[in-house]
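Protein chains: 2
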Amino acid sequence: MNLELVTIGTELLLGFTVDTNGAEIARSLAAFGVRVVRRTAVPDRAEDIRDAVGAALERTGAVLTTGGLGPTRDDITKKVVADLFGAPLDFDESVWADVLARYARVQRSPVASNRSQAEVPRGALALRNRWGTAPGIWIEGKPGLAIMLPGVPLEMRMLLEHEVAPRLAARGGSSVIRSLVVRTTGIPESTLAERMGEIERDIAPLTLAYLPGVEGVDLRLSAWELPPVEADARLRAAADLLRQRAGEHVYGEGNTDLATVVLDLARARGLSLGVAESCTGGLVGGRLTEIAGSSDVFAGGIVSYGNELKSGLLGVPEKLIVAHGAVSEQVACAMALGAVGALGVDVAVSVTGIAGPGGGTETKPVGTVWLGIALAGEVEARRVNFAGIRREVRARAAQAALDLMRRKLEA
Amino acid sequence: MNLELVTIGTELLLGFTVDTNGAEIARSLAAFGVRVVRRTAVPDRAEDIRDAVGAALERTGAVLTTGGLGPTRDDITKKVVADLFGAPLDFDESVWADVLARYARVQRSPVASNRSQAEVPRGALALRNRWGTAPGIWIEGKPGLAIMLPGVPLEMRMLLEHEVAPRLAARGGSSVIRSLVVRTTGIPESTLAERMGEIERDIAPLTLAYLPGVEGVDLRLSAWELPPVEADARLRAAADLLRQRAGEHVYGEGNTDLATVVLDLARARGLSLGVAESCTGGLVGGRLTEIAGSSDVFAGGIVSYGNELKSGLLGVPEKLIVAHGAVSEQVACAMALGAVGALGVDVAVSVTGIAGPGGGTETKPVGTVWLGIALAGEVEARRVNFAGIRREVRARAAQAALDLMRRKLEA
Numbered sequence: 059m060n061l062e063l064v065t066i067g068t069e070l071l072l073g074f075t076v077d078t079n080g081a082e083i084a085r086s087l088a089a090f091g092v093r094v095v096r097r098t099a100v101p102d103r104a105e106d107i108r109d110a111v112g113a114a115l116e117r118t119g120a121v122l123t124t125g126g127l128g129p130t131r132d133d134i135t136k137k138v139v140a141d142l143f144g145a146p147l148d149f150d151e152s153v154w155a156d157v158l159a160r161y162a163r164v165q166r167s168p169v170a171s172n173r174s175q176a177e178v179p180r181g182a183l184a185l186r187n188r189w190g191t192a193p194g195i196w197i198e199g200k201p202g203l204a205i206m207l208p209g210v211p212l213e214m215r216m217l218l219e220h221e222v223a224p225r226l227a228a229r230g231g232s233s234v235i236r237s238l239v240v241r242t243t244g245i246p247e248s249t250l251a252e253r254m255g256e257i258e259r260d261i262a263p264l265t266l267a268y269l270p271g272v273e274g275v276d277l278r279l280s281a282w283e284l285p286p287v288e289a290d291a292r293l294r295a296a297a298d299l300l301r302q303r304a305g306e307h308v309y310g311e312g313n314t315d316l317a318t319v320v321l322d323l324a325r326a327r328g329l330s331l332g333v334a335e336s337c338t339g340g341l342v343g344g345r346l347t348e349i350a351g352s353s354d355v356f357a358g359g360i361v362s363y364g365n366e367l368k369s370g371l372l373g374v375p376e377k378l379i380v381a382h383g384a385v386s387e388q389v390a391c392a393m394a395l396g397a398v399g400a401l402g403v404d405v406a407v408s409v410t411g412i413a414g415p416g417g418g419t420e421t422k423p424v425g426t427v428w429l430g431i432a433l434a435g436e437v438e439a440r441r442v443n444f445a446g447i448r449r450e451v452r453a454r455a456a457q458a459a460l461d462l463m464r465r466k467l468e469a
Numbered sequence: 059m060n061l062e063l064v065t066i067g068t069e070l071l072l073g074f075t076v077d078t079n080g081a082e083i084a085r086s087l088a089a090f091g092v093r094v095v096r097r098t099a100v101p102d103r104a105e106d107i108r109d110a111v112g113a114a115l116e117r118t119g120a121v122l123t124t125g126g127l128g129p130t131r132d133d134i135t136k137k138v139v140a141d142l143f144g145a146p147l148d149f150d151e152s153v154w155a156d157v158l159a160r161y162a163r164v165q166r167s168p169v170a171s172n173r174s175q176a177e178v179p180r181g182a183l184a185l186r187n188r189w190g191t192a193p194g195i196w197i198e199g200k201p202g203l204a205i206m207l208p209g210v211p212l213e214m215r216m217l218l219e220h221e222v223a224p225r226l227a228a229r230g231g232s233s234v235i236r237s238l239v240v241r242t243t244g245i246p247e248s249t250l251a252e253r254m255g256e257i258e259r260d261i262a263p264l265t266l267a268y269l270p271g272v273e274g275v276d277l278r279l280s281a282w283e284l285p286p287v288e289a290d291a292r293l294r295a296a297a298d299l300l301r302q303r304a305g306e307h308v309y310g311e312g313n314t315d316l317a318t319v320v321l322d323l324a325r326a327r328g329l330s331l332g333v334a335e336s337c338t339g340g341l342v343g344g345r346l347t348e349i350a351g352s353s354d355v356f357a358g359g360i361v362s363y364g365n366e367l368k369s370g371l372l373g374v375p376e377k378l379i380v381a382h383g384a385v386s387e388q389v390a391c392a393m394a395l396g397a398v399g400a401l402g403v404d405v406a407v408s409v410t411g412i413a414g415p416g417g418g419t420e421t422k423p424v425g426t427v428w429l430g431i432a433l434a435g436e437v438e439a440r441r442v443n444f445a446g447i448r449r450e451v452r453a454r455a456a457q458a459a460l461d462l463m464r465r466k467l468e469a
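Those protein sequences? They're chains X and F, same order as listed.
Going by this note's numbering, the first residue of the first sequence is number 59, and it counts up by one from there.
Going by this note's numbering, the first residue of the second sequence is number 59, and it counts up by one from there.
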């Protein structure tokens, strides 16, 4: 079943409020096989609401609105949608009793305008709202199905869960939308796409989306309107195929953080971790310690932002820095080895680079980063060149440092 | 001037990604008197894009799209919109040179599909994208104005700021929506509101919005449709009034980062900075080094996540940890003093706390954080209790550590 969302409220268009309802409704409805095929946000104006809801009904036959059900004069959704269904508004005593009871509970009195909240389009169902005063409305007729919910996120969520979802599930089919994400890092979207080859053909009827971000490219597989068991089986098989083609660049599935993967690998091998950071300034330590329970594996780190600390705390020979520069294979290796010693850990990763915007040269442009990794007396380093502004270079460098740890620990 | 937004991408409709671009674009355009009157999200399907963009042009005459400009086969925005304008796509050598240069910088090669990114609708302007490979497109013709931007938030933001906003401003009207933000930290929204008193009356016709976040509460003043000179004068006077009432909690205006304030204060006094972090794991160092040019003031830090490193690297006496616990005034002071010594800096801040979800006790519940600050042989500490989940506690603790530095450096 397809459905459109129409979000009603001038404040959402001004941009001071981010609309989180839309995403939440889409995720929630997907579990019942209902697919949101369009989302429209309009101001609290009758003609805009009429136009958007009318077009959605005509196109798709089913619409869910949020907002515009309160007691103020801006709140005109119910009237406008009822008109589209040719349904007059009737005062409903049982809804009014709910409104009165709610006011009694908070020891206040309703005002005259609250009476409008007890009006229900003829032939429609009022969805009881135990979390606010405006009931939701479910109306079906010649134009199709319209479901109206309040815009307040908590009331929307509760009505969706308790009143709307069960009704949609009851009509609905045995088919649902299910997704599975495979996470990759260290490979650009276009190269990844080449590796995938004719994947769309191989995984059909599943679909694949590329979601690039600073931490890497996520690959989302979706199964549309298949029976749940078949959907899960096909997703699993397709994910395995993706993993095979993306190879060593895959670090997890779902919303697994790379830091969690690194910590789990170290824990399994009984190894302690440390970091020596220059251009990332603490971001790698920040990523690892974001994970609750990291303290059993992660000992700590040294942020050697100035060169004095690279020598003073990590024991990088000054002449190495003079000869090769702070951003070099030699210094990255010396930092990683120095961190193992200074922190007393088994494995240490080091990061030294040029985050920009200044500091770049012809041979070492902005975005040049050397990463070092030391384990059991052995050390190696690799150079990476990251695109982007300072913030991105740093975030990508932190992710690459974690990925270097992952690969070392997996080896 | 009115304009509609069309967001393109099946991902956004699935609900796995919250659309933050829409709100950001609306706020940003408002500064130039451009009002977003409708927002539509559609999947990556040619007919949906054509329908939504076409209807927007017909209704409003101006549309801004995000998404669908990448190199994969899902990315069809440019082709579909060009068709609406009757414009064929021409391969543009100068855009291609940009794409090649970008790949060269990161020492990679473009693949065949990247060539489509250098196609520009005839008669349109390619908006140079220095932050990614897909240029934006600005096309005007009989149907009206269409602006196409990439969906990646950073690229969208940069193109909006550097390419779109100046062009819209140049067309612009005489009355605009102008805003000024005063940033506070370390004071809850309700307490701040009490301090403000009858501020709405005092600043009319300007409006005031409270924007709470993990870094503190921003106060946004807005002038609606006033002549620019009057708007600016009123905003300045109102901001001064806010600063007076919020007092020491104000650290800046606009989008000033607290880390920048700290670095500037230290630079002015010729003092070097260091950090000793436990529960924040590197976030304070990360904040300071996010600011370009921080290396002349910020020397580095020690992430002493395990207690061994608190003793080993920072010289915190083990018996202090045993007697008072790692999260205590005594340990916070010893960490800050130890950092001054180990890092050879003038000022050091320390953070030790319980970020959760585990580790809390009756006397030191989750969210308990001790912050220490050492300057010129003197040290002091303060206890703060933060609400929220792990991520929030850590972000708030990092901000509070920076604020403690600010206050010390201002004293």
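Please note that a few of the clues may not be correct.
DMTMM-like mimics (lysine to aspartate or glutamate), calculated; alpha carbons at most 25 Å apart, straight line [to be verified]: (1) Lys137/F to Asp150/F; (2) Lys137/F to Glu247/X; (3) Lys200/F to Glu273/F; (4) Lys200/X to Asp148/F; (5) Lys137/F to Asp148/F; (6) Lys200/F to Asp354/X; (7) Lys137/F to Asp354/X; (8) Lys422/F to Glu468/F; (9) Lys377/F to Asp354/X; (10) Lys377/X to Glu348/X; (11) Lys377/X to Asp109/F; (12) Lys422/X to Glu348/F; (13) Lys422/F to Glu221/F; (14) Lys137/F to Asp109/F; (15) Lys137/F to Glu258/X; (16) Lys422/X to Glu247/F; (17) Lys466/F to Glu247/F; (18) Lys200/F to Glu252/F; (19) Lys466/X to Asp298/X; (20) Lys422/F to Glu348/X; (21) Lys422/F to Glu376/F; (22) Lys422/F to Glu247/X; (23) Lys466/X to Glu311/X; (24) Lys137/F to Glu221/X; (25) Lys422/X to Asp404/X; (26) Lys137/X to Glu105/X; (27) Lys422/F to Asp404/F; (28) Lys377/X to Glu366/X; (29) Lys422/X to Asp354/F.
Don't read these hints as lab results, they were simulated from the structure.
Since we're looking at a predicted model, the values are computed, not measured.
Original post:
Checking against the hints above, which ones are violated?
Top reply: Numbers 3, 4, 6, 7, 8, 10, 11, 13, 16, 18, 22, 24, 25 and 27, in rising order.
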